[in-house]
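Okay, here's what each chain looks like letter by letter:
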Amino acid sequence: MISEKKYTAVDDLGFYGEFGGAFVPELLRDNLEELSLNYNLLKEDEAFQNEFVSLLKHYVGRPSPLYLSQKLTNEYQCPIFLKREDLNHTGSHKINNAIGQILLAKKMGKTEIIAETGAGQHGVATATVCALMDMKCIVFMGEKDIERQAPNVQRMKYLGAEVVPATSGSKTLKDATNEAIRYWINHTNAYYLIGSVVGPHPYPAMVALFQSVISKEIKTQLKEQTGSENPTKIVACVGGGSNAAGAFFEYYDNEEVELIAVEAGGMGVDSGHTAATSAVGNPGVLHGSLTLLMQDEYGQVIEPYSISAGLDYPGIGPLHAHTIQVGRTKSISVTDDEALKAAKKLAVYEGIIPALESAHAIAALDKIDFSSNDVVVINLSGRGDKDMETYLNFE
Amino acid sequence: MNRFIKDKKQLSIFITAGFPTLDSTAAQILELQSKGIDFIEVGIPFSDPMADGVVIQESSSIALANGMNMDVLFDQLDSIKNQVQIPLVLMGYLNPVLQYGLEKFLKRCKDLKIASVILPDMSIEIYERFYKELFEKYEVSMTFLITPTTSNERIQKVVNASSKSFIYLVSQTSITGKKQALDSSLFERYSEIKQLCKGVPVMLGFGISTKEDVENAHLSCDGAIIGSAYIRSLMEKKDLIAELV
Ligand SMILES: Cc1ncc(COP(=O)(O)O)c(C=O)c1O
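Those sequence lines, one after another, are chains X and V.
When we follow the numbering used here, the leftmost residue of the first sequence carries the number 1, and every step to the right adds one.
When we follow the numbering used here, the leftmost residue of the second sequence carries the number 396, and every step to the right adds one.
Each hint should be verified, as a subset may be incorrect.
[Claimed, not checked] Here are some, though not all, of the chain X residues that point toward chain V, as calculated from beta-carbon distances under 7 Å: (1) PRO25; (2) ASN178; (3) THR188; (4) GLY284; (5) GLY299.
[Unchecked claim] Chain X residues, not near chain V, derived (Cβ > 12 Å throughout): (6) PRO63; (7) GLN77; (8) LYS110; (9) ILE302; (10) ILE332; (11) VAL348; (12) LYS367.
None of these hints come from the bench; they were simulated from the model.
Bear in mind that the values here come from a model prediction, so they are computed numbers and not experimental data.
Every residue gets a Cβ at the ideal spot worked out from N, C-alpha and C, and that includes glycine.
So that you can see chain V by itself, here it is in the shape it has in the complex (with noise of 0.2 Å):
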């Protein structure tokens, strides 16, 4: 069963865990469902983030200075697992969970019952060589990253790997957190890809902040997923799911 397959458009949050404070992230994956979020990405804050711009930088260190730690959130995680019905997705760098022992934590997501795991800073070719087999021992769904250069090959290839999770399309090459809106340019493309990855639903993300770019990203793809938007949201205290859904 792929968890991510809805029969409508789809709006995903991604929060960093444990900003804006040690204990929020609970009540803020639970307060996201409510009001309709269809899956939460729940980032597990890393010293450099190398792939990230300030907005997501400024929260990970945060949330550090404030103790977060894979302990710590597999903790909270576990107290509101019976809670949550919509697909959590863990994403981070791959050191924190290598330091961590790969083992430990894809047993901790098997028994969190974690829909998929997001690490941009690995290839699938590395997964493949070194990981691959504990992820399925485990069964525990990874998810990649593709960008609208990436070669239609390889596309294909992701697919392949993806059948119980969904492609993470980036939307430009860039870091996260761009504010620019959308570049329409680029929407053909997406709609290319959409129909190359058969079967595999296709979220876009990075740089998605208005109302006007989750519209644009739904008329090609199955998704949009916000995360520097919504965490700059929560610095300003703003309501951004408010004026989103």
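The following block holds chain X by itself, in its conformation from the complex (with noise of 0.2 Å):
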């Protein structure tokens, strides 16, 4: 399963491109090293990928569907696709990274988990897979977050995972990781459970691989459906960037799929206001990886700004900074407003309705031109149980 491949494949130090690395303190060194060792021996190894798979299917229930919407067909006047990560237990694609990660753990003989989460999903993916694997959890989460995302709070508490408020900077997802961080580095024989395509190599390598069974079903699914296993058109959103690398990661290498990543304006790109990273950042360091990042002139970050929680985060994983950079991946921007609206209209359309975080996807829609040959997939990561308050208030 190791990859060759132009775009996935990270250098020896763990860098796509210019992107990526493990940039982290010594003190962390060590984890490192017996993450990437158990690791790199396990994904070649036959009985973990069975119970991986088995895993997935049994208990997360995939494959998730890839659904037609006949209504959005008909609004852009060519084929829209929507991959179900929504319909996964627990609500969306992060608990195929968790389940992943939790084996993976376990092999390593590991007891405690630690997390950070942003929409919560991560950390209720986190909590469930600790559940089930006996393991003690322990989350991090912006106390904003916790506000927000009130019932993935309950519903970590309620799992039996400990959920601790990170209260510095803007309170949101990148605090978290901060104190998640720092928490690992006290606690060295905790195993970091890391949300995204995120963090220190061999985190965003990893995510992405146990995310790729997403395009991996697309294939076989689009291929059953049309005749043909390729769209022309992947959109999905991007907070740090795991759902869309899952999305993405089959297509890579074919250059005819357009891959288009999502990123949350905010109250707009140019407000002061957003979490568009790849618009408004920089080559920059933060969370143990070098990729894009939104700072200052003296490359202090800048606190992001999203009314969704899991895109409320000041950089992308390494893997999209570096196919944005070289124009393989294409970013786009999608407002708070266009999400919301964007929300009801998936709800009315098909009777979906979508997390915020994948309303950022249905409504670039948008802001594509499509001609009658596209056929497209939307990844529909999550869904959005959990953002019914601020639905409703803005009704």
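The task is to assemble the complex, starting from two chains supplied on their own in separate frames and drawing on the hints.
As structure tokens, this is what we get:
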């Protein structure tokens, strides 16, 4: 399974082109080496693969459907498919990665799991797999996110996880990640289960691989339904970028398939209240990797803003930074209001309430030029139960 | 010449540039020098200090709110450069340095005779692959962190790259600012490490807060570095240095 691929391969220090690497204090070095060693052994291991695939099928409910939205198809005059990650157990794509990493943690003999979360979907996924595997679970979550994603906080606690508020900075995902890293330095026996394609090598490559099941399934399902495994465009929202990495993964080397990453514009890219990293950021180091980063002229991280807790992050994964820089992936942004309207549209059109994050991908349809030859897949990364309060307030 | 080699046990203080006030940095350096501190680490504040505990987090955010940045810091250091005799070390996270421009940063370090630079989130591997050449061009030395669990082989690699600086031995795997006394079960390992670092001074840092900690550090290492405890003493308006020297 070692990929010799053009875009998704990393070099010996964990770089995709100029982005990535492992920029961590020496205090975490032993941990990352232990992780890399075990990950490299297990990703080749057939028994591990079988266990992963079996849990995804019987526990998560994969494959998730690929659903042709007739009404979106009519509106945009080309077939528009929704990859239904919202139908996974726990309600988003985050569970795919959580299952992969918990199996790895178990093989490594770990008993304590820590995680950061923004929207709470990764926190819920982690709390879930910890319950399944009898592990202690601590989730760090920004104070602001604890408020705006309350249903997920309740779920985590009900599942037995401890939720620790992060009270520094903007009190969102970035700050939760800082706290998780600090806790990890102080408790090097804990396993840090990172929720997106961010962090020091090998996390970005590992999370992308565990999420690549999304694009593997799209290939099979699209072939069944259209006769070709290739769409012309794949659209996915990007916070750190794990659902996008998963949806794009098998298509990177097929340059005919256009890859569109949708970032959170917040109140608008030029408003000073945005999380559209690739639009306003430049190369910088945060949370262990060199990537695109929202920062001021002195390299201080700018507090991001988005209505969507899962996209409210000042960086993106190094794989995305690299593929955007070399022109393989196109990035666009969608504002809070556009996402809210798109969520309502999908609810009314199809009876599907998307997560606020995923609603950004739906809203992006209005910013893309389509021809009748297009075949489009939107990765519907999660469901909107957690966002009902926000949706109702907007009505 | 290695400016960190002395025939006495050393004491070093870490300060956050721009804390407690924007203009306090130069005066603090001169005062610490006059009180016999052997060298000073000047901390460049960063918005997201992932290896630091609450004290340095707070001093950093206050410093940034005060308006500290790389240009201001270099100008302040420039204003006292003829009065500073002890080695100054710049310590900070990599991102502000990269964003300032590594070459511009190193040029100013050279002009100001900065004795060494510590960038805890840059490993020796990344340094050697990407940045070493520029550091050598401007004759600025790097100081690397090791921990009690760092392998002997790796310590050797770090020693080989540190002939003009020192080895920063982190007392234990924890973020800065831990208040408990040094863990005596690690003292033997400190001595082993000291033996391995022939010719390069070893300074013990992280979690050193009392006179007793300093004395214990001096049993095996060449020096002790105090950070959070000093900053906490500023916050509480106490004179920690008087207790220590
Ligand atoms: C439903 C959903 N989609 C997307 C994201 C963004 O994460 P990523 O970019 O890693 O897919 C989140 C994060 O919380 C999420 O909950």
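So is ILE302 (chain X) really clear of chain V, every C-beta pair being over 12 Å apart?
violated, 8 Å
Does the CB of ASN178 (chain X) sit less than 7 Å away from some CB of chain V?
Cβ of ASN178 (chain X) sits 5 Å from chain V, so the hint holds.
Does PRO25 (chain X) hold up as a contact with chain V if the rule is Cβ-Cβ below 7 Å?
Since the shortest Cβ distance to chain V is 4 Å, the answer is holds.
LYS367 (chain X) and chain V, when compared Cβ to Cβ, separated by more than 12 Å:
Holds, since 30 Å exceeds 12 Å.
Agreement of hint GLY284 (chain X) with chain V interface, Cβ distance less than 7 Å
Because about 5 Å separates GLY284 (chain X) from the closest Cβ in chain V, which is inside the 7 Å limit, the hint holds.
Would the least Cβ to Cβ distance between LYS110 (chain X) and chain V come out above 12 Å?
holds, 16 Å
Determine whether the non-interface label on ILE332 (chain X) survives the test: each CB of chain V must be over 12 Å from its CB.
With a cut-off of 12 Å, ILE332 (chain X) remains clear of chain V, as the shortest Cβ separation is near 26 Å.
Hint check, THR188 (chain X) versus chain V [nearest Cβ-Cβ separation less than 7 Å]
For THR188 (chain X), the interface hint holds, since the closest Cβ of chain V sits about 5 Å away, which is under 7 Å.
Can GLY299 (chain X) be said to touch chain V, with a Cβ gap under 7 Å?
holds, 3 Å
Could you check that no beta carbon of chain V comes within 12 Å of the beta carbon of VAL348 (chain X)?
holds, 41 Å
In terms of Cβ atoms, is chain V entirely out of 12 Å range of PRO63 (chain X)?
holds, 38 Å
Against chain V, does GLN77 (chain X) hold up as non-interface, every C-beta pair farther apart than 12 Å?
holds, 45 Å
The structure does not agree with numbered hint 9 stated previously, though it agrees with all others.
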